[in-house]
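Participant: Each chain, written out:
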Amino acid sequence: MDKQARNEKYLAYVEKKSPKAGWFTSLFHAFVMGATICCLGQMFSDIIKSFYPMMDLLTLGAWINIIVIALTILLTAFGCFDRLAKYGGAGTFIPISGFANSIASCAIEFKKEGLVFGVGAKMFYVAGPVLVNGVAYSLIVGIVYFIISLF
Amino acid sequence: MKKIGEQTFELEKDVCVVSRCSLVGSKEGDGPLKDYFDFIETDDKMGEKTFEKGERQMFLKTIKSAIEKSKIKKENIDLYVGGDLMNQLVSSNYVASELELCFLGLYNACATMTESLIVGSTFLDSGGATNVLCATGSHFSTAERQYRYPLEFGNQRQSYAQWTVTGVGATLLSNKISSKVKVKRFAIGKVTDFGVSDIANMGAAMAPAAMETICAFFKDTGTNQKDYDLIATGDLGKLGSDILKDLMLEKGYDIETNYIDCGHMIFNIDQDTLQGGSGAGCSASVLNSYILSKMETGELKRVLLISTGALMSTTTNQQGDSIPCIAHLVMFEGE
Amino acid sequence: MGEALLMYLKVILVGGSICMIAQLIVIKTKITPARILVIFLMVGAILGGFGLYNYVVEWAGAGATLPILGFGNSLANGAITAVKTDGLFGALSGGLIAASAGVAVSIGLSYLISFFVSSRTKKD
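Chains as they are written, first to last, in this note's numbering: chain A, 1 to 151; chain B, 1 to 335; chain C, 1 to 124.
In short, the hints are calculated from the structure, not lab data.
Don't take every hint at face value.
[Claimed, not checked] Not everything, but these chain A residues come out facing chain C in the computed CB check (under 7 Å):
#1 C39
#2 Q42
#3 Y52
#4 P95
#5 P129
#6 Y137
Just so you know, even glycine gets a beta-carbon here, dropped at the ideal spot from N, CA and C.
Just chain A, with the same shape it has in the complex (with noise of 0.2 Å):
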């Protein structure tokens, strides 16, 4: 039998084989962190409206992200947040906490090598993805809108 052959019955035999997660229960998980991190930011953002009525929605919402930025790394901090993401899975990482998550947990952990090439070059090593990624998106977005709006 030829490799390419085998390798696809092994894989495929391995799929069968290997456990699935309970999907269920995960999928529940991650739909009630997801919504107790969200509710919580829609708690502080009527607080800060309750406070200043006026302000516009893109302003809030950036207050709110800051604000739940600020709490998942407190938490990273006090070593719970990781329980928190083994429960929650995609509940505690889409919401803004996971990006905050990721800079906090690398800043802590490449210290030892130093404020330059530990936190320094290292802190972005996880959520680095996401900022390029956005980064480049909205120049996409902009660079799009100006030459449309040329017209």
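Chain A is fixed; fit chains B and C onto it per the hints.
Facilitator: This is chains B and C only, laid out in the frame that chain A set:
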């Protein structure tokens, strides 16, 4: 030494296990084998500043204790062979510099323990060396930050993932001092790649390598699973060992009754390690505690240890390459 | 009061569903979380570029802004608003300006805690 068949070698001198020592971290120390380990360390950094320095201290403590137990003077140890999971084998390198022994650094990922035993016993069988020290180990925290994510990073592990064992095992072999347990034969594995590229699924990647080495050994020696009291694989985990049983059955060997996997048995099911332990320290610590102690008491006479190693790097994995794997087999015989 | 309750229901529905869809992709495919983040970010940026995501934000508040889709949307929105005021220069600077506060807070706080905290071994 003489070669039997394709991959198997038989030692002609008596290569004896003179002393052994095992050290594990606290999580492994909560597992089912806790009574067998020599040391259970509650501090993963061993009082040092970094996990890497802690890993070196674990190596030193284990090796020093193994030498002490053997009553062999350190000056009379001709060679230290071994390795770990760190890039450039840094842990072993620093340990060797501290010990001031002649050193051969070996890397076969999680199969390094059997590789060290093979190289060590070859030196002893040739008569060139009298006492050889074999030591390998791994550390959960150093491996995690080198191969995966930062420790505080929150993520869910795949249901088929494994947990790197924090542990070190050291075996002192000699051809002068006799003891109950001897290394008789070994089979050197071929690098096997069945196309698995998911690094979380190490068990499935490594099982074919174990199967090929075991089958080659059985064929070369004309024996089968019934001739051995115990067949132990290194760190296939639960899924990997189930796959291996299926693969062996396909080849006509039913290993169900006398087969264990070190990675599967080092943790309890409720310790949340999913498929079980992995890492160079896994088979090293279980060999030097559970398996050899059972052989010394005479409970087990003929034992096969097959450590399996996945030989990829983070670079090849990110480039989408499949995982090449290897398995080496060592046969021990007790009196 | 009824209105506020309804708002929270919408937040739960939208925020929870987005995370659930991501989790479904994680389980059903072999796509890693990092890639899923980038894909969701791109979807957010595209929806934002066409001005569609703002309707979701108006409807579901934090349920739409907190998931990474909202981050992509705010980057795209930032670029568009800046083009309106500063032309081409806005196209180049708008995205980063929109993301600046969040990123700066992440970097600043992470830098700060790195002085006080070291990583600990995982227990489970």
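Participant: Against chain C, is Q42/A within 7 Å by beta-carbon distance?
Facilitator: holds, 4 Å
Participant: So, as I understand it, the hint says P129/A touches chain C; can you test that by seeing if any CB pair is closer than 7 Å?
Facilitator: holds, 5 Å
Participant: Just to be careful: measuring from the Cβ of C39/A to every Cβ in chain C, is the smallest value less than 7 Å?
Facilitator: At 6 Å from the nearest chain C Cβ, C39/A passes the 7 Å test, so the hint holds.
Participant: May I ask you to test the interface hint for P95/A with respect to chain C, counting a Cβ-Cβ separation under 7 Å as satisfied?
Facilitator: holds, 4 Å
Participant: Under the criterion of a CB-CB separation shorter than 7 Å, is Y52/A in contact with chain C as hinted?
Facilitator: With a closest approach of 15 Å, the Y52/A hint is violated.
Participant: Does Y137/A pass the interface hint, meaning its C-beta sits closer than 7 Å to a C-beta of chain C?
Facilitator: holds, 4 Å
The structure fails to meet hint 3 from the earlier list, while all remaining hints are met.
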